[in-house]
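Novice: Since chain E is already given, all that's left is putting chain D on it; use the hints.
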Amino acid sequence: MILQRLFALTLLAACAALAVMAWPYQAAFSYEPVGPRAYPLLMLGLMAIALLYLAIRPTPIVRKDDEPELDRASLIKIGLCTGLLLVFAATFESLGFILSSTLIGIPMARLYGGRWLPSAVIVGLMSIALYLLFDRAMDVPLPLGLLDVLEN
Amino acid sequence: MDTFSYLGQGFGVALSPYNLVTALCGTLIGTVVGLLPGLGPINGVALLIPIAFALGLPPESALILLAAVYLGCEYGGRISSILLNIPGEASTVMTTLDGYPMARQGLAGVALSLSAWSSFIGAFIATCGMVLFAPLLAKWAIAFGPAEYFVLMVFAIVALGGMAGDKPLKTFIAALIGLFLSAVGIDANSGVYRFTGDSIHLTDGIQFVVLVLGLFSISEILLLLEKTHHGHKAVEATGRMLFNLKEAASVFVVNIRCGLLGFFMGVLPGAGATLASAVAYMTEKRLAGASGTFGKGDKRGLAAPETAIGASCCGALVPMLTLGVPGSGTTAVMIGALSLYNITPGPLLFEQQPDIVWGLIASLFIANIMLVILNIPMVRLFTRILSVPNWALVPVIAIITAIGVYAVHATTFDLFLMIGIGIFGYILRKLDFPLSPLLLGFILGGLMEQNLRRALSISNGELEILWASPISLGVWAMVALMLTLPLLRIWRRRSAQRRALADV
Numbered sequence: 001m002i003l004q005r006l007f008a009l010t011l012l013a014a015c016a017a018l019a020v021m022a023w024p025y026q027a028a029f030s031y032e033p034v035g036p037r038a039y040p041l042l043m044l045g046l047m048a049i050a051l052l053y054l055a056i057r058p059t060p061i062v063r064k065d066d067e068p069e070l071d072r073a074s075l076i077k078i079g080l081c082t083g084l085l086l087v088f089a090a091t092f093e094s095l096g097f098i099l100s101s102t103l104i105g106i107p108m109a110r111l112y113g114g115r116w117l118p119s120a121v122i123v124g125l126m127s128i129a130l131y132l133l134f135d136r137a138m139d140v141p142l143p144l145g146l147l148d149v150l151e152n
Numbered sequence: 001m002d003t004f005s006y007l008g009q010g011f012g013v014a015l016s017p018y019n020l021v022t023a024l025c026g027t028l029i030g031t032v033v034g035l036l037p038g039l040g041p042i043n044g045v046a047l048l049i050p051i052a053f054a055l056g057l058p059p060e061s062a063l064i065l066l067a068a069v070y071l072g073c074e075y076g077g078r079i080s081s082i083l084l085n086i087p088g089e090a091s092t093v094m095t096t097l098d099g100y101p102m103a104r105q106g107l108a109g110v111a112l113s114l115s116a117w118s119s120f121i122g123a124f125i126a127t128c129g130m131v132l133f134a135p136l137l138a139k140w141a142i143a144f145g146p147a148e149y150f151v152l153m154v155f156a157i158v159a160l161g162g163m164a165g166d167k168p169l170k171t172f173i174a175a176l177i178g179l180f181l182s183a184v185g186i187d188a189n190s191g192v193y194r195f196t197g198d199s200i201h202l203t204d205g206i207q208f209v210v211l212v213l214g215l216f217s218i219s220e221i222l223l224l225l226e227k228t229h230h231g232h233k234a235v236e237a238t239g240r241m242l243f244n245l246k247e248a249a250s251v252f253v254v255n256i257r258c259g260l261l262g263f264f265m266g267v268l269p270g271a272g273a274t275l276a277s278a279v280a281y282m283t284e285k286r287l288a289g290a291s292g293t294f295g296k297g298d299k300r301g302l303a304a305p306e307t308a309i310g311a312s313c314c315g316a317l318v319p320m321l322t323l324g325v326p327g328s329g330t331t332a333v334m335i336g337a338l339s340l341y342n343i344t345p346g347p348l349l350f351e352q353q354p355d356i357v358w359g360l361i362a363s364l365f366i367a368n369i370m371l372v373i374l375n376i377p378m379v380r381l382f383t384r385i386l387s388v389p390n391w392a393l394v395p396v397i398a399i400i401t402a403i404g405v406y407a408v409h410a411t412t413f414d415l416f417l418m419i420g421i422g423i424f425g426y427i428l429r430k431l432d433f434p435l436s437p438l439l440l441g442f443i444l445g446g447l448m449e450q451n452l453r454r455a456l457s458i459s460n461g462e463l464e465i466l467w468a469s470p471i472s473l474g475v476w477a478m479v480a481l482m483l484t485l486p487l488l489r490i491w492r493r494r495s496a497q498r499r500a501l502a503d504v
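If you read the protein sequences in the order shown, they are chains E and D. Per UniProt numbering, the very first residue in the first sequence carries number 1; after that it's consecutive. Per UniProt numbering, the very first residue in the second sequence carries number 1; after that it's consecutive.
Careful: at least some of the hints might be erroneous.
[As the list claims (entries may be wrong)] If the Cβ cut is set under 7 Å, some of the chain D residues that face chain E in the computed set are:
no.: 1; residue: L55
no.: 2; residue: L57
no.: 3; residue: K167
no.: 4; residue: L176
no.: 5; residue: F180
no.: 6; residue: D187
no.: 7; residue: V192
no.: 8; residue: W391
no.: 9; residue: V396
no.: 10; residue: A407
no.: 11; residue: F416
no.: 12; residue: D432
no.: 13; residue: L435
no.: 14; residue: R453
no.: 15; residue: L456
no.: 16; residue: S457
Calculated from the structure, these hints are not laboratory results. Ideal Cβ placement from N, Cα and C applies to all residues, glycine included.
For reference, chain D alone in the conformation it holds in the complex:
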């Protein structure tokens, strides 16, 4: 029962007054950031990295802050989905389907608190899953050598494409761009300068924060520019703010089901909250059958995606902590933050720095509880933030983004680079390329190259080492599975079309 004593130790770290205040600040900042159009968890976490560093927070507090912001953002995103019918990000699209109709029926407060509750249960289930599985996975992961790691990263990249569904090719291209960009800068093994164009500013490579803020903040600012004419009005949150016991009981089974589903989807690299919420919603809709009023304000339709999102967000931390392989854009950003502190996530983290790991896990519990409690008295305040007009918001976002970038190296070169990346990101978005694979590729790229070269050094250049062990063979099999998934989907769509034609 080592796990429980470690968990106790983790609560000791997380419950220290300093870290409690950190978590509270994080959840508040996160909720506000998640609420604002144009800022999601990825920007929120990325903006705070340089600030947490500048504040001189110890690593465990910084990580707690970032995790709290992460959860807070997911949470804030739901407020705009329910009250405005505008999903803050892809994962909350499903929330709008039943959340907005509920708000229109005068149940805005109930919808908000019920979704908070659902997400709390989801996160709770996932955190329990994490407590149970993460140490096991970490123990198992020690058997991984460089070759196995390389294959695992190939799997993570391929899984992104396989899970993306509708546009595997563009997902691959985006990931490859990220993988390539990670090679810019001085090569650690040989000292060769790669793609720096003789600029001293690029010798360190492209700064992670610059890439993230360029891709997500700047491109979003440009996207918002197109939407200035569209006025939206928030539904007033009046009447009953809290759901009652009957309502909670009616969705409890849905909560449990979708929590488990969300956790497993979160653990899988590449699947993430978007897919988890979609699958959860569709499954519940099918299970409810004719008895459901899905799409017209069914409580189950609100609870299902929210539980799944809450669970998958915590689930995504499992591969990040145990293997050092991020499963989503936001966890990729958190790995970037950890590397600033010279902490390499991976199996050894559990042995060498249990304070950090278990403190983080415990603070997830605490941040979730804080979010539920905060929600009830503060919803009215949060809804007021929603009515801040774009013209006041966007310049402030631009300025804060610039501060975040400038804080890293204090050079204006980074600002120009960020704008360049932002324009590139905007073009990619307009052409329907997903951006988080690029980010994930960027984080995985460095690790992938190092592990590949290390593996081949061990074998003296023999490629066979890459499929020599049973573990790597197993992972290769999963890679093959993921590669066939999109093909299978296309084939099924084609045959369905053919059948439809034959029927006519």
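So here's chain E without its partners, still in its complex pose:
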């Protein structure tokens, strides 16, 4: 309940901030009666009303049977996983696809309960295979990064 209220209020604050941001949106000269400001403001307004209602009367959360209660351990795991994804995004171009995906793939596999060796083998092979599949076979360009040297 408290989480839901908190979420609703945070989103409400975001709505307000976005509305302030949208306020000066005016077309320099315009041929139409409705400018670029009206639609976003309308949506934000409706959202604000709904969120306010949710903050006052939160609805109970139905949890599925196979979904355990969030504890500290899973929260830490989720944080780690998010961190890994961010590292992935940050190193995607500089290290290149193969290296960065191996770099984050192995700890990620560990996070989901894999053992070191099988994780390393599978992730390593998969990143090379996916590179070849997408970059070479399907013409989806992927960065080579550091491995550029091998190319020449």
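Specialist: Relative to chain E, chain D alone:
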């Protein structure tokens, strides 16, 4: 009998060897994607959009590929429901109720092939319905002006909430977030930059693929993390693989009934496969009465939701093709794909590009037949895929998702944006918000704003144009109906409670 000559033309397109291979690949990829935990039809279709584009597939082949993947995913989802008792997605929950008990009784092969057959009949009925109704609807839809379109989209959004049942408010909020997000980027009419924060990466708005993969793939990866400790074991599919004639005959009436029901539920925006399968199951359970062993492995209990899902998936394509208004998350993704090809779905599509429309419809027939045929020899192979452990699967999903996003614009900004959206999606899911309304809102948002502004330009700012024509008045009436539905449901629940209290 224009329809039939067009349909013939469509089969000509779909039966070309190139498109046949495309459809076959699509059904295979779709089945595997649908099987895997954490990937459903929405991700499957979204991941393939950039790839289909990069491969340089012509539009009709790309659409056939996506439709085949869509059907394949629905199909793969059922394998994990029946063998693992884990519904791949919300719509297959009903399948587990009788499918898993059947598998436990050693009838896994029969359950799988019977469900494939049911879904085929459902899809067949719906595709026939589509052939009959879509051109009519398209003809009628030409009378729609911007004002009518705007009202229609309001209806689509409201219907989502009205149909959602248990949580209308959260559905509305999710849809509104999507509607708002569509406004990010440069405004096409006035050239004003909206909510871009002076970042050049956002001038185009949020990329559709980024939003979809963030919301569905990344958040699912995080959700899977909580479930690592839960080991599930698949039931072995042994013994008889194919249902016999007697079994097929015993569920045939159920197939027909639920196929029609599923088609109409699919056409309605917002209802979709989840609701269709639930209603079909409940109706059949009630009709069977005491003679049924529902919940303990009744064949009718398996056939009913599967037929309805098959039918509603095809039914959902009707509003998408004729009106350009998607009725479900997956069709919203397909509209996103079409817009990459500069194709705007809508009534004019039927006149201007009949090859695409009828080719798609014909390929639905073909993909359905392929799926039934594939199922029988390949079930054992598919069940082996189910035993791939999460630790090997999740990194690969993460990597493929990143490739899908990177393929669109080749910037890492999109990767960061996707992760951000993914975390937001995860929080929304934990707080019990449904995510497909957000996606639908995002797709409808741009169209909604354009049509509203166009309508008001025509009337020079007079709001009356929004309810001036009989069509828009009719649609407003449906909006009102949808708005009262959740209230009515709450009121009924309350009075039932009161009655229960009075009895005590």
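Novice: Against this structure, judge whether each hint is valid.
Specialist: Structure-based check of each hint:
1. For L55 of chain D, the suggested interface contact is upheld, since its CB lies about 6 Å from the closest CB of chain E, less than 7 Å.
2. A least Cβ separation of about 11 Å between L57 of chain D and chain E goes past the 7 Å threshold, and the interface hint is therefore violated.
3. A least Cβ separation of about 6 Å between K167 of chain D and chain E falls short of the 7 Å threshold, and the interface hint therefore holds.
4. The criterion of a C-beta within 7 Å of any C-beta in chain E is met by L176 of chain D, whose closest approach is roughly 4 Å, and the hint holds.
5. At about 4 Å, the closest approach between the beta carbon of F180 of chain D and any beta carbon in chain E falls short of 7 Å, and the interface hint on this residue holds.
6. Interface restraint check for D187 of chain D: the shortest CB-CB distance to chain E comes to about 4 Å, inside 7 Å, so the restraint holds.
7. The beta carbon of V192 of chain D is positioned within 7 Å of a beta carbon in chain E (closest approach about 4 Å), and the interface hint is therefore held.
8. A cut of 7 Å between beta carbons decides the hint on W391 of chain D: the least distance to chain E is about 3 Å, and the hint holds.
9. For V396 of chain D, the interface hint holds, the least distance from its beta-carbon to any beta-carbon of chain E being 5 Å, beneath 7 Å.
10. With 7 Å as the threshold, the beta carbon of A407 of chain D comes within range of chain E, its nearest partner Cβ sitting at about 5 Å, so the hint holds.
11. At about 5 Å, the closest approach between the beta carbon of F416 of chain D and any beta carbon in chain E falls short of 7 Å, and the interface hint on this residue holds.
12. Interface restraint check: D432 of chain D against chain E, minimum CB-CB distance 4 Å, threshold 7 Å, status holds.
13. For L435 of chain D, the shortest C-beta to C-beta distance to chain E is roughly 15 Å, which exceeds 7 Å, and the interface hint is violated.
14. Interface restraint check for R453 of chain D: the shortest CB-CB distance to chain E comes to about 5 Å, inside 7 Å, so the restraint holds.
15. Restraint check, L456 of chain D versus chain E: the minimum CB separation of about 5 Å is within 7 Å; hint holds.
16. Evaluation of the S457 of chain D hint against chain E yields a held restraint, the C-beta minimum of about 4 Å falling below 7 Å.
The structure is inconsistent with the numbered hints 2 and 13, although it conforms to all the rest.
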